[in-house]
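Peer 1: Given chain L, put chain A in place with the hints provided.
Residue numbers (our numbering), protein chains in the order written: chain L, 58 to 387; chain A, 27 to 753.
Hints are computed from structural coordinates only; laboratory data are not their basis. Do not rely on the hints blindly, as some may be mistaken.
[Stated by the list, open to error] In silico DSSO-like cross-links for lysine-lysine, where the CA-CA straight-line distance does not exceed 30 Å:
hint : chain 1 : residue 1 : chain 2 : residue 2
1    : A       : K45       : A       : K55
2    : L       : K190      : A       : K87
3    : A       : K45       : L       : K289
4    : A       : K744      : L       : K96
5    : A       : K87       : L       : K289
6    : L       : K96       : L       : K252
[Claimed, not checked] Partner residues are not named here, just some residues of chain L that face chain A (Cβ under 8 Å, in silico):
hint : residue
7    : M58
8    : A70
9    : E71
10   : L171
11   : W175
12   : R186
The structure displayed is predicted, hence computed values, not measured ones. Backbone N, C-alpha and C define an ideal beta-carbon position, used for all residues, glycine too.
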Amino acid sequence: MNPFEYARPESEAEAVALLAGEGTTVLASGMDLMPLLQKSVVATSRVVDISRVDSMRGIDPVNGGVTIGVLSTLEDIAYSPLLTEYPSLKDVTEGIRAIQVQQNGTLGGDLCHLPNCWYFRSGYGLLGRDNGKSLPEIGDNRYHAIFGNSGPAKFVSASRFAPALIAWGAQVRITGPEPNAEKWLPLEQFYHTPKTDRQGVTVLEPGQLLTHVWLPPAELQVSATYEVLEMKGLDWPLASAAATLDLDDAGRVRKATIVLGHVAPTPWLSLSAADVLVGQPVTPQLAHAAGEAAVAEATPLSENAYKVRLAQTSVKRALLKATNQLEGGL
Amino acid sequence: MVDLKVEWKPRDENTVFNKPTERLDGIEKASGFAKYSTDFTGDGSLHARLLTSPHAHAKIKSIDVEPAKSVHGVRGVYVFPQRAPEGDTLYEINWEGEVIVAVAAETPAQAAQGVKAINIEYEVLEHFVDEADLEAAERMDRSIPGRRVSVDGDEDQLENLLKTDAPVHHQGRYGIHTITHCCLEPHGSTCSWNGDDKLDVELSTQNVSGTGGQFAGAPEIGIDAANVTVHCDYIGGGFGSKFAADEWGIACAILAKQTGKRVQLHLDRGTELKIAGTRPSAFADVTIAAYEDGTIAAWDSHHWGTNGIKGGTVSQVPYVFQPGHSRVRTTGLVTNTGPTRAWRAPNHPQACALTCTAIDDLAAKLEMDPLDLFMKNVGLATGSQSQNPVEVYTGEMEVAERLMDWKAKWKGRGQWDDNGWKRGLGMALHTWGGRAGGGSCTIKVHPDGTIETFAGTQDLGTGTRTCIAQVVAETFGVPLATVRVNIGSSKYPQSGASGGSTTIGGVSGPHRRAALDALGKIFDKVAAKYNVDATQLAAKDGMIVNGDAEVCSWQQAASLVGPMGLEVMGEGPKDDGLTADGAGGVQMVDLSVDPETGRVKINKYVAVQDIGTIVNHQLAKSQVLGAMIQCISYGLSEERIMDNASGRFINANLRDYKLPRLGDIGELVVEFYEPDSQYNKGVVGLGEPPVISGGAAISNAVANAIGVRVPTIPLTPKRILDALANA
Numbered sequence: 058m059n060p061f062e063y064a065r066p067e068s069e070a071e072a073v074a075l076l077a078g079e080g081t082t083v084l085a086s087g088m089d090l091m092p093l094l095q096k097s098v099v100a101t102s103r104v105v106d107i108s109r110v111d112s113m114r115g116i117d118p119v120n121g122g123v124t125i126g127v128l129s130t131l132e133d134i135a136y137s138p139l140l141t142e143y144p145s146l147k148d149v150t151e152g153i154r155a156i157q158v159q160q161n162g163t164l165g166g167d168l169c170h171l172p173n174c175w176y177f178r179s180g181y182g183l184l185g186r187d188n189g190k191s192l193p194e195i196g197d198n199r200y201h202a203i204f205g206n207s208g209p210a211k212f213v214s215a216s217r218f219a220p221a222l223i224a225w226g227a228q229v230r231i232t233g234p235e236p237n238a239e240k241w242l243p244l245e246q247f248y249h250t251p252k253t254d255r256q257g258v259t260v261l262e263p264g265q266l267l268t269h270v271w272l273p274p275a276e277l278q279v280s281a282t283y284e285v286l287e288m289k290g291l292d293w294p295l296a297s298a299a300a301t302l303d304l305d306d307a308g309r310v311r312k313a314t315i316v317l318g319h320v321a322p323t324p325w326l327s328l329s330a331a332d333v334l335v336g337q338p339v340t341p342q343l344a345h346a347a348g349e350a351a352v353a354e355a356t357p358l359s360e361n362a363y364k365v366r367l368a369q370t371s372v373k374r375a376l377l378k379a380t381n382q383l384e385g386g387l
Numbered sequence: 027m028v029d030l031k032v033e034w035k036p037r038d039e040n041t042v043f044n045k046p047t048e049r050l051d052g053i054e055k056a057s058g059f060a061k062y063s064t065d066f067t068g069d070g071s072l073h074a075r076l077l078t079s080p081h082a083h084a085k086i087k088s089i090d091v092e093p094a095k096s097v098h099g100v101r102g103v104y105v106f107p108q109r110a111p112e113g114d115t116l117y118e119i120n121w122e123g124e125v126i127v128a129v130a131a132e133t134p135a136q137a138a139q140g141v142k143a144i145n146i147e148y149e150v151l152e153h154f155v156d157e158a159d160l161e162a163a164e165r166m167d168r169s170i171p172g173r174r175v176s177v178d179g180d181e182d183q184l185e186n187l188l189k190t191d192a193p194v195h196h197q198g199r200y201g202i203h204t205i206t207h208c209c210l211e212p213h214g215s216t217c218s219w220n221g222d223d224k225l226d227v228e229l230s231t232q233n234v235s236g237t238g239g240q241f242a243g244a245p246e247i248g249i250d251a252a253n254v255t256v257h258c259d260y261i262g263g264g265f266g267s268k269f270a271a272d273e274w275g276i277a278c279a280i281l282a283k284q285t286g287k288r289v290q291l292h293l294d295r296g297t298e299l300k301i302a303g304t305r306p307s308a309f310a311d312v313t314i315a316a317y318e319d320g321t322i323a324a325w326d327s328h329h330w331g332t333n334g335i336k337g338g339t340v341s342q343v344p345y346v347f348q349p350g351h352s353r354v355r356t357t358g359l360v361t362n363t364g365p366t367r368a369w370r371a372p373n374h375p376q377a378c379a380l381t382c383t384a385i386d387d388l389a390a391k392l393e394m395d396p397l398d399l400f401m402k403n404v405g406l407a408t409g410s411q412s413q414n415p416v417e418v419y420t421g422e423m424e425v426a427e428r429l430m431d432w433k434a435k436w437k438g439r440g441q442w443d444d445n446g447w448k449r450g451l452g453m454a455l456h457t458w459g460g461r462a463g464g465g466s467c468t469i470k471v472h473p474d475g476t477i478e479t480f481a482g483t484q485d486l487g488t489g490t491r492t493c494i495a496q497v498v499a500e501t502f503g504v505p506l507a508t509v510r511v512n513i514g515s516s517k518y519p520q521s522g523a524s525g526g527s528t529t530i531g532g533v534s535g536p537h538r539r540a541a542l543d544a545l546g547k548i549f550d551k552v553a554a555k556y557n558v559d560a561t562q563l564a565a566k567d568g569m570i571v572n573g574d575a576e577v578c579s580w581q582q583a584a585s586l587v588g589p590m591g592l593e594v595m596g597e598g599p600k601d602d603g604l605t606a607d608g609a610g611g612v613q614m615v616d617l618s619v620d621p622e623t624g625r626v627k628i629n630k631y632v633a634v635q636d637i638g639t640i641v642n643h644q645l646a647k648s649q650v651l652g653a654m655i656q657c658i659s660y661g662l663s664e665e666r667i668m669d670n671a672s673g674r675f676i677n678a679n680l681r682d683y684k685l686p687r688l689g690d691i692g693e694l695v696v697e698f699y700e701p702d703s704q705y706n707k708g709v710v711g712l713g714e715p716p717v718i719s720g721g722a723a724i725s726n727a728v729a730n731a732i733g734v735r736v737p738t739i740p741l742t743p744k745r746i747l748d749a750l751a752n753a
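Extracted from the complex, chain A is given alone in its bound form:
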């Protein structure tokens, strides 16, 4: 039996793989035909609404849900576990928006009426929500000092470098505020039961294969995991916040069982922002010691921030650059704020924003072009790039410099007046892993030549369907339309959750392996039928060929598998070179600041990214563009605003939680750094890396433009004008 070598084709032999291809389901999504979890309603479906806490910190003294049951149209009421007082034990609420009761009714308005009818008595407690104010947290016993302390190198030597031995020192305070995941399709599900023990869930999830067991295992559900089907063909944003069934998902299933009806429960916009995931804040006092040529000698920083009531904070600094001597200590702030969830490249945007800004300020102190200083220190670059980060970063900085025309444009801080605007350049570097997630798939070759694939994965934005189709079509040498991709059901072979940039490797590896396995089997049959050497066969352009000679068509070959078709499994990840890990990149921003209003205009934004073997350049570019827009968002306007007076997430609506509009985006330039060494590296995930360094690059460009550092991201007009006023 022929055993085809598991590898990608040489770059120049590809016809659909490693090519820009339009998203196969783009029309469905753009035209509204794509069905999301909210679309699965019908006659008799019930709508659920949540009662959530208006208080940031309180105890629940009593809950009376009986009035809700009397509201016309209300069919089911569910009190979340432990919320109701049990003897002297009162449930303690620790953030505004915490769920307490769910009500299902025939119409959304009736459900809302039901929620309103519920009587709850709270004992309101003192709250603390100020995540930036370390001194206040210490005063109010809301800090956890020394949560983490790490020292790299000899500490005595570090002290000497910081005090005297290194001639140049820079000290600064930096920060980046909390943002939320802000999924435009809010978290939620539509649940229905088939009999007493079979549950179907239309779930907005980035974890199709992993959430069924969470529903089955919930104490109040308690059915076999095999009896739960989770389905998600399309998802309207997850960004790391939709891995779980979530307690409101369990509530939806329970209400569906209670009422015997299909029930839909999605978070409203305010609740979505408040409780469905945040990226934690990070603030730091940084000291850098350097030599006069710009070489960084030592780093010392104290960090604080919050991930909510647990009091954790970000500590992965210094980022990318690792001088031989560094010391990092962190203080966690315990706040009455909504819980964090993994946000696209967890902790990296914050770590980058605290590190690359401080390095940029060091460059200003040395009166150096920051590009020169980053280049000078590239030897300190580490990170998870498996192939020579120094060479790759250097190459990427050279490409970015050319695309931005940096050297021709760059001026010292506050030196570039542009028709009333102050203009500036900024840059930053990033790193990420992106190794393939675990998973499997089935490929079925039908005797008519059509091909079906099955995998319990999802499309979080990767373009999963399109990429799978490209891998399989390339392998069998057939057009994309010959391949029918099936994803989005927990009944398909399990595939990993889409998180940490693991999806593209997690699906492309198994599908390539399975397709090669199937192709080998088909080559054996072709060899037998046409009396050729199976090891010399290849599949391309819809034909099976032997060197230059056509042996048979793909359809003729497929017909040899017999009436039942051929079904094979693929698995991953494997150490066979199809996938790899380690990605990095450089981002540069050219922007203008209106010094009288503090408004920022992005002129040009360049992202250069290495990402190994690229399955689809068009979709990869889309991933980077989306990330760049998110960087502009959290760099300039997007933030959770916690109000000290009320303890509330006071801008939890899309008017005051400011996402960029089209006019705020500017010119975006995406360039993949892809010499042959990158193509030959293997597939690496791209979801996270391009969203990391934009915030720091924007902050650096604003500092270059106006001549002073605006210490905290996002750089709103208020913060820019305040910084100018304080300068």
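Same shape as in the complex, but just chain L:
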């Protein structure tokens, strides 16, 4: 680990001032940052510990929806009475089976989590390049992207909450770089596929900080997240899908938002899966068709064709789960 300056602001304005300039890093609970610093995968001149910025905590009703401070822990989200109408979020917290992570990990840490790509974590940068070669392209890409991988980025987005939040139409608040500056944008626009190693996985610029997530009113919509986990315990999904459905009185889909996770460098919105659903009641056959539609345009790499099947299954099962039709041990 390289030496770095440590700062612990107590307000958002202080935090963004400290985050100005290149080479600064935000520390929330540090569950992922500490190992990255220890291995020098992330080099930083200043670590800004935001754990004392109390304005970034709390889960509150706002404008008919719910605002979640990004310092909320995964456990806060799991047990908040305000979020019971957003079951796709609880599906995610239940999938993170380690109590330590649930108690310490934060929503912001998840949304900004750097890729788990083993090339990135071995020091080859986000794009995994070595002497001009793309290691994920020619090497072992079993865990890499099956969508959005035509450019140099082959990793998959690590966030587990983003698919569910995007499926709910969540907006995020960004502050900085000027003190008290703020803007809101849809969460799907928060993510960015880098084209060079100097670009990040989000649109955050130096001096900017993600502070809050706002969920629109649930309004009787149903939702679910389905993650395919290789291990029945602490593990990262091989693929996931989140679905939020607006159903009419006859159970037909008025509107559907389907978002896949861990299959592309960003959370992956599937309009084609949604198209299959609209106007129809969700049946196992329709869920299967939506899954097929979701992966029709997949572009697997040399070693990850199996992830196409996993993505397809995730969509199908998220839809069945959202409509209480997921049965048996599956």
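Peer 2: Showing chain A alone in chain L's frame:
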């Protein structure tokens, strides 16, 4: 002088021996009071970090360590032998993670800074790390064909059986990937010097008695072996990888001398996985010829795999079953991968995974229940079970069938739909030696009746302390608490390394012999004092008895040894029946596969094991349970992934090197096969045998569930979905 017969008591006379007893040091381990080699630090201790090669294959053109010496807090720098260029001779690195320089500093962060400051210039060479791709290895001149060829029986007859004479033929390709030892306590030591010539090493080792000389004899240390003390009270996993001082251990001792400080050097997680030992991979093309009733007539196989740069591979097949005609040839692959070390039951899990899977596929081809086919061929069973393997395997298969309810459950391949899952059964057999290791011990009986034992052994998971205490307490007829067991120091009487399932026999034999020797001496004194016949005395329930008559208490008897106490030595192994060798077992697995995700769920996993005289059923069961969990691990998820592009062990971390979580284990059932013939056989080691056949049994159960063979272990979702897609 009375000479007590050396034997175990009749089974029904035991009170603590051959009984389930809790681990005496369990509380220390579970509560954190137990001190491991990393715990021996203190004010002024230094922390060492290693610079290792990021390249799989390279030459070192230059090393400049001077910048490291200028880093604040750095106190010592050690360049490993031959790494620095000498004239035109450049050191050739052959795997990623190979150690180059060690840096000791006041804090771990400073040591890491020191490592980072070192400048090394490499000449990067072409690497080859694909251990499964025989054709690529041949193309790249990385194979050693015909490394071993063995033919059993007449080769012409073999050819005839394979071609025409036997009516049924099965051909298949099978494989099992490399795993590492993955010790949760990484390899390493804490070294300190007492003056210029006395070295104390807190070493994480499964070889307390055998490593001191390795430190003393290292050219850069060069002290008398008598001046080295190796100490290891507790070890957090070894699995066959911690027999040696290791070059990083020597480096730690040298840095301690260089700096005049206590130095701690343990491998970080990535390095631990990369260089501290692997179980080699094995792949094979197999042809079996059989008769229509399922009798195996002939076996022909070609094997390949790698143990790293040496290019060795596994060849002990066919495993357990030895048809009269077999031919095995091997091709070694020379790869730029970390070196192998003995992994729990070296070569057996691989040999079993290549043999019992092929036999299971033969059963499917014959549309037979594999249990029937294994039973049909039990007459071909060999192995090192010293007592009638045919009878024992048959008995064990019957017990396992009952526990699994196999016959009621079993269905043909792909026939068992279970609420959306595909369900299946699989089984496999294993064999192992497990004879007692060499060693000695001292037992001291104090005049107050307390007893101390001393042996330079270690507890690798056997429950060594508890088992020694049971043997000694049973012999003297006293409670376990009366016995104080001392192990873990090279200053105690030498005892063998814990490897190959040799420990339990290696300690129980000498301690029983010594205790009987001491008891005989005490009986003589009791006989003289109380005017009884020494040959009629017995020690039980804290008393010395003569038939039904109590002669004196144990304390009164012990007081007769005089103020200095009584000290006796025990040795082993001896051919007196206390220990034996030869163990086998049967494992059966009931699992479900999610055909849409490739995930596997273990429903029930049965292990039936013969193991001779069991010292402690509870600890023996623990050994088997641990082994079964390791089988689930290497059967379903655990593997070293070598990346062809970078040449690196790309999943060398505990996120991507996937060990099972609690939810992955399922119901585990352990049953010891222990008719009187087993109790009377003698003590046999248990560390290896139960870890052998689980991988094959899991693979067979998945094949039974989904209807196709997933050729390579571990059976990850990717491999299962790929196999289904290719079916």
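Peer 1: Quick one, are K190(L) and K87(A) close enough, alpha carbons at most 30 Å?
Peer 2: holds (24 Å)
Peer 1: Is the Cα-Cα distance between K87(A) and K289(L) 30 Å or less?
Peer 2: Violated, at roughly 47 Å.
Peer 1: Against the 30 Å threshold, does the CA-CA distance of K744(A) and K96(L) hold or violate the hint?
Peer 2: holds (29 Å)
Peer 1: Going by Cβ atoms only, is M58(L) closer than 8 Å to chain A?
Peer 2: holds (5 Å)
Peer 1: Hinted pair, alpha-carbon criterion (30 Å max): K45(A), K55(A). Please report holds or violated.
Peer 2: Status holds; Cα separation ~22 Å.
Peer 1: Given E71(L) as an interface hint, is the shortest Cβ-Cβ distance to chain A below 8 Å?
Peer 2: Violated, because the Cβ-Cβ distance from E71(L) to chain A comes to roughly 27 Å (cut-off 8 Å).
Peer 1: Are K96(L) and K252(L) close enough, with their CA atoms no more than 30 Å apart?
Peer 2: Measuring from Cα to Cα gives roughly 24 Å; hence the hint holds.
Peer 1: Hey, K45(A) versus K289(L), does the alpha-carbon distance stay inside 30 Å?
Peer 2: Given that 30 Å is the threshold and the Cα spacing comes to 35 Å, the pair is violated.
Peer 1: Checking hints one by one. Is A70(L) an interface residue toward chain A, by the C-beta closer than 8 Å rule?
Peer 2: Not OK, violated: A70(L) not within 8 Å of chain A, min 31 Å.
Peer 1: Close enough to count: is the Cβ of L171(L) nearer than 8 Å to one in chain A?
Peer 2: Violated: closest Cβ of chain A sits about 13 Å from L171(L), beyond 8 Å.
Peer 1: Can we keep the R186(L) interface hint, with Cβ of chain A closer than 8 Å?
Peer 2: violated (11 Å)
Peer 1: Would you settle whether the hint for W175(L) is holds or violated, based on the nearest Cβ-Cβ distance to chain A being less than 8 Å?
Peer 2: Where the cut-off is 8 Å and the nearest Cβ of chain A is about 5 Å from W175(L), the hint holds.
Hint violations for this structure: numbers 3, 5, 8, 9, 10, 12, all remaining hints satisfied.
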